[in-house]
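Model the full assembly from the supplied sequences, consistent with the hints where possible.
Taking the working numbering, the leading residue of the sequence shown gets 1001, the next gets one more, and so forth.
FYI, nobody ran anything at the bench for these hints, they're computed from the structure.
Heads up, some of the hints might be wrong.
[To be verified] Calculated lysine to any residue pairs in the SDA-like style (CA-CA distance at most 25 Å, straight line):
(1) 1147 with 1115
(2) 1124 with 1062
(3) 1126 with 1137
Source: prediction; values computed, not measured.
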Amino acid sequence: MNIVEGIAHVFGDHINTDYIISGKHKSRLTDIKQMVQYLMEDIRAGFFSEIQPGDFIVAGINFGCGSSRETAAWVIKEAGISAVLAKGFARIFFRNAINIGLPALRVDTRSIHQGDRLRIDLNKGKIENLTRDEALTCQPLPPFIQKILDAGGMENYFKLHSKFEV
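Structure representation (structure tokens):
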């Protein structure tokens, strides 16, 4: 999964975890697969029906702020989103995303528009906007984080390796 391609779904700044998956659903549903249909519903009704496996969520600063529940990252991953690109992440969301195997890339997202087709090389930190024929770069994720992502998350990493090596 080192090269991923899909459509950009653009959101703004300060997308909190209750926007990602509303608290009203977290309290009544326990199955992530059922929650997926409510992804981002409070800020973009019907968003789930717009996405295809491999697509991207693109946002501004402070993506994933709010509660520390990892449900928000899980719902994004379960929806088939291949990565989240943002100018900045809330620290706990970033850690939760990596721990479950969802790439979270810090990049200046200003030139990415709704519906742009992107191709991302996760190892190199290279982002191609195929729609606008532009190249963006981000800091490649450190090798130890890439190993966690390659394994599908921290739990799978430990199943494969039985210990963590940096």
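Hints, verified against the model:
Pair hint residue 1147 plus residue 1115 does not hold up; C-alpha atoms about 30 Å apart against a cutoff of 25 Å. Restraint check for residue 1124 and residue 1062: the C-alpha separation of about 24 Å stays at or below 25 Å, so the hint holds. Distance restraint check for residue 1126 and residue 1137: the Cα-Cα separation of roughly 5 Å lies within the 25 Å cut-off, and the hinted pair is therefore satisfied.
Against the hints set out earlier in the document, a violation occurs for number 1 only.
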